[in-house]
Every structure is written in structure tokens, then in C-alpha cells.
Amino acid sequence: MDSNAALVDFLLGLGDDRLVLGHRLSEWCGHAPILEEDIALTNIALDLIGQATLFLGLAGDIEGKGRDADALAYFRSDREFRNHPLVELPKGDFAFTIVRQFLFDAFGYHLLQALAESAHEGLSGIAGKSAKETAYHLRHSAEWVVRLGDGTEESHVRAQSALDEAWRWTGALFVPTPAEAVLAESGVAPDLVGLESVWRSSVDEVIRNSTLELPEALPPTGKGYRRGDHTEHLGTLLAEMQSLARAHPGATW
Amino acid sequence: MPQKNTESALSPEDAARLEAFEAHVGKGGYVEPKDWMPERYRKQLIRMMSQHAHSEVVGMLPEGNWITRAPSLRRKMVLLAKVQDEAGHGLYIYCGTETLGVDREELVEALLAGKAKYSSIFNYPTLTWADIGAIGWLVDGAAIVNQTMLAKASYGPYARAMIRICKEENFHKRQGYEIMATLSKGTPAQKAMAQDALDRWWWPSLMMFGPSDTNSPNSAELIKWGVKKKTNDELRQRFVDLTVPQAEAIGLTLPDPDLRYDEETKHWNFGEIDWDEFWTVVKGNGPCNKERLEARRRAHDDGAWVRAAAEAYAAKRNGHNRATAA
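Taken in sequence, the protein lines are chains U and B. By the count of this note's numbering, the first sequence reaches residue 309 at its end, each step adding exactly one. By the count of this note's numbering, the second sequence reaches residue 578 at its end, each step adding exactly one.
The set of hints was computed from the structure by calculation and includes no laboratory data. We treat Cβ as the ideally placed atom computed from N, Cα and C, and that holds for glycine. Incorrect hints may appear among the rest.
To be verified - Cut-off 20 angstroms, straight-line C-alpha distance, at most; resulting in silico cross-link-like pairs (EDC-like, lysine to aspartate or glutamate): (1) K369/B x E543/B; (2) K443/B x E430/B; (3) K568/B x E210/U; (4) K476/B x E271/B; (5) K295/B x E350/B; (6) K147/U x E83/U; (7) K279/U x E83/U; (8) K147/U x D553/B; (9) K147/U x D554/B; (10) K188/U x E199/U; (11) K286/B x E271/B; (12) K568/B x E199/U; (13) K121/U x E136/U; (14) K568/B x E209/U; (15) K568/B x D134/U; (16) K542/B x E529/B; (17) K279/U x E136/U.
Claimed, not checked - Derived, one-sided and incomplete: chain B residues facing chain U with beta-carbon distance under 7 angstroms: (18) S324; (19) K328; (20) L332; (21) G555; (22) Y565.
To be verified - A few chain U residues that face chain B, going by a derived Cβ cut-off under 8 angstroms, partial list only: (23) E83; (24) L91; (25) D94; (26) I95; (27) T109; (28) A125; (29) F150; (30) A191; (31) R203; (32) S211; (33) E296; (34) A307; (35) W309.
Based on the provided sequences and hints, a complete structural model is requested.
See the structure below:
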């Protein structure tokens, strides 16, 4: 894989993670447990879709085939999406939404911090801006993890079961794709092994405060994720997201 | 129980206060939370402001319906931002209503129990993407006409909230109109989608201003106390006059064969509103009344354990802080 193709693949992954997770968060809009959370979750969704637009836009520019962020978001099939399985899982209850968000925010924050130092200027610029936003997202989700874990008996049980379920999908966060292996060598992207330990220690700290429990090791994971394999949930998510755009190919909105 | 005649039951002291109050608002003066106000004024404001807050919150549902399907990333972001603004307006107006001595929880309970009203416009379904354009253009447009007046309302906290909210509503209206303009110069299917949405949303938008003046029990009192400065029919006329040229400019046709410009009055005359439909929807039998209230109740009920957890955690932290301080 040449370095340009690797960079496009990697940028698609960054964009797709945020697009898909932003979609899941936006499903809460109007249905959150309190109005303040309608605002917070919508705001985070908005940031994520904004980040996705920038990453996909850059992917399209580098790819050079005339595909912009919209073309990449709306006219690729599920097998072409490069996101992690964690972000495509259904939103579940508020506990699942928060726990999943927390695990991803911690991952996203450390990854973006590292990418802000990337040798690729376009990438480092977007990552630096996105890292600042993600610091707020992480603070929000971490505070809720602690509140739910250390709130009532019911919230503790729900948060623990959400953590057990979401944890199954964290293994795939740290399995490098062939593209990431190429980019780590040239200093464009960080080494995921180094990232795993930083992520783990920041997750551990919050989980300790929340009185929840985490398994020792990352779960085993399939090798095909982020290379076309997905859970069954992505197909229906994209069917919804892309339905209108695909019903009117070539239309301007 | 017969309604108490508060006017005749007034003590001489209160009669003097009422006189001073009416003189003050009559001169365009503002009323602040700690000022004396007639009980009826307080009740009317709680009714109006809480209805307004509920409308912002229920209004998130029909538009939220299209966030996941918005046809471009930019449209998706603009819609997310708009719906987020509405949640913010709801919160802001609930806080404003609390200055009148009620709390948000009571107000929300009244909404969920079906006792409090919200704008009937949100009881119509959003069937296509163009509905998002029509809502921004017409519904937010109508809201702006109403709120521009309310920004001069005699109750200070409400007036100030309206000034701030109107600024954002202007963005909302512009984005809605822009969606409609883009669709109407798009493909034939897009243009048809825009016209269809306009056909469905036009009359309900006119109904947003409430019953006609001959049939509006609250208007006279609200005008006397400076809460409203114009009647429902005056506001409705203003909205029609503003909107007709906007529809023409983007090549869409308002679904009213009686629409005529009157050279003498310089106003657009329009056809008769279907008041049967208006009252049907107000009384709870519109196309989505049941669904909207159910969605709000579900969110509230499903969120009960979350709110309980947040309270329990806060209580633990407070206990912990007190223990550490001692």
C-alpha cells in the first residue's frame, strides 16, 4: 500500500468513526432524560459530524477522484466504511450511550492529541482543533460514567452491563490496519500500541471513581474490522442516513 | 365552584396597587419578578411562557425526525444546531417562567399530563425533507412575527428572553427559506417536494397566531397589561404580507385561491381559515398530538433512573464535602 492510499484509508476511518457515532448520538435529539442532555448530546453530535466533514473532505482531496465529503458519506456502501464496530452499535439506553461514548472519547482524545503532532500538516491541523472539542466530550462522558456508576443501585447495574457490552468491542481499537502500519513508520500516525496504554490508564482512573469494574485484558477481536467487516447494525444505519441523498442522485441540497 | 371576582374582592391597598400597576404598564413600563403584580397577570404569564417553553421542546420532535436522514453533511449540521437552539430556548424560557414562582418540574408535569398546551403546529407530521425547509421558513417566520412583539412585553424577563431568542430564530428562518429556495431551483422532484410541503404547512402556519380576534378570550386583557401589543389577526396579517413576496421570489405558489393584494389597505387579503381543523388540533385530535405527547412521556419515564442517579450522586458528593469540611 503506498503512503497516499494509506493516508486516504486512515482519514476515511477517522471520518467514518465520527460520522457514525454522531449519527447514533443524534438519535437522542428530543428524547434525552433531561433537557440539558438533549443540548449536550446534540452538541457533541454536531462536533463529531463537523470533524467527520473535515476528515472526509481531506480524504477526498488526497484521493483526487473528485469525491467530496458528501460523496464519501452518502455514496459509499457499508463494506467501504472504515469505522470501528464500537461506534455503530445501537444507542441502547442512556447508560450504554454514555459508556460507549466515554470509551471512544478517551480513545479519540489521545489519538487526536498524537495526530496534532503528525508529520502531515493538513491532518495535524484538523486533529488539533478536534482534540480540543474532544477534551470537552471526554469530560462530559467521564462525569456521567462516575455519576451513573456511583449513583443508585439501578444506575450502577445498568452502567456495569453497558460497560460489559461495550468492552467486547474495544479490542478492535488497537489492532492496526495495514494503512496504520505504513503511516506509523512515516510519522503521520501514532503507534497504536503506545496509544493503548495511555488510553487504558485514563479509562482505569474514571472506572475506579465510578465503582464499576473492568476486565483486565482487552477482548479478542476479529481481524476484518475497519477493512470492510462490520456488525449487522451499520447496514441499517447507512440505509437510513443515505436514503434521501441516494433517492436523488446528482441533486443539490 | 363560581369563579371569584377578584376585582371586587380587592382590599383598598390592592386596588391602589392595581391602579399604579396599570398606570405603569400603560406607559410602557416593565414589570420585574419582585414587583407587585395582579395574580391574574402572573397566571397569564405563566400560561404563555410555559406554553412557549413546551412548544420549543415538543418542536424538537418533528424536526429531529429528519436529522438522521438530512441529505448533506452541511444540512445535517445546520439542523442539529437548530434543534439544539430550540432545546436551549426551552430551557431559557422555563428559567424565565420560574421567576414567576413556579418550578420547571411542575410545568413539565402539566405538559405530560396533557394539561398544558404547546403550539399546535407541532402536531403535524414531517413527511419529507422539504418539511424541514417549510418549518424553518413558515413556522419560525410566524414565531418571529409573534416574538418581535413579545420582545416589548411588559414582563421584563420574558421580553429579554424574546430579544435573545428572536436573533436565533432569524437564522432558523433563513436556513429554512434557503432549503426551500434550493429545492425550488433543483430537480423537478425537488421542486414538487417543496411545493407539496408549502401546501401542507401554509394553513397550519396561519393558525399559529391563534383564534381570530372575535374569538380570542385572553387578548383584551393581555393587551391592556402590555403583554401583547397587537391582536392575533394583526399579527397574522403581518405574517401574510411578509410571506407572499417571499414565496413569489422562489417560484412557489401559496395554496390559497383567494389571495389578492388590496391596493387601498396595502395588505394581502387571504381566504378563510378552516377553524374546525384549528379547534380539532387544539383539542388534541390532530394528526400527531398523541405521538408527540407519548414521545415526551417516554423520554421522561425512560430518563427517570438517570435523573435519580444524578441526584443520588450529587447528594453523596454533598455529604462527602460536608464531612470533609467538618
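Comparing the hints with the structure gives:
no., hint, in the structure
1, K369/B x E543/B, "15 angstroms, holds"
2, K443/B x E430/B, "13 angstroms, holds"
3, K568/B x E210/U, "16 angstroms, holds"
4, K476/B x E271/B, "12 angstroms, holds"
5, K295/B x E350/B, "12 angstroms, holds"
6, K147/U x E83/U, "8 angstroms, holds"
7, K279/U x E83/U, "29 angstroms, violated"
8, K147/U x D553/B, "17 angstroms, holds"
9, K147/U x D554/B, "14 angstroms, holds"
10, K188/U x E199/U, "17 angstroms, holds"
11, K286/B x E271/B, "18 angstroms, holds"
12, K568/B x E199/U, "14 angstroms, holds"
13, K121/U x E136/U, "16 angstroms, holds"
14, K568/B x E209/U, "13 angstroms, holds"
15, K568/B x D134/U, "46 angstroms, violated"
16, K542/B x E529/B, "16 angstroms, holds"
17, K279/U x E136/U, "16 angstroms, holds"
18, S324, "5 angstroms, holds"
19, K328, "6 angstroms, holds"
20, L332, "4 angstroms, holds"
21, G555, "2 angstroms, holds"
22, Y565, "4 angstroms, holds"
23, E83, "6 angstroms, holds"
24, L91, "5 angstroms, holds"
25, D94, "4 angstroms, holds"
26, I95, "5 angstroms, holds"
27, T109, "5 angstroms, holds"
28, A125, "6 angstroms, holds"
29, F150, "5 angstroms, holds"
30, A191, "20 angstroms, violated"
31, R203, "4 angstroms, holds"
32, S211, "3 angstroms, holds"
33, E296, "5 angstroms, holds"
34, A307, "5 angstroms, holds"
35, W309, "4 angstroms, holds"
Against the hints set out earlier in the document, violations occur for numbers 7, 15, 30.
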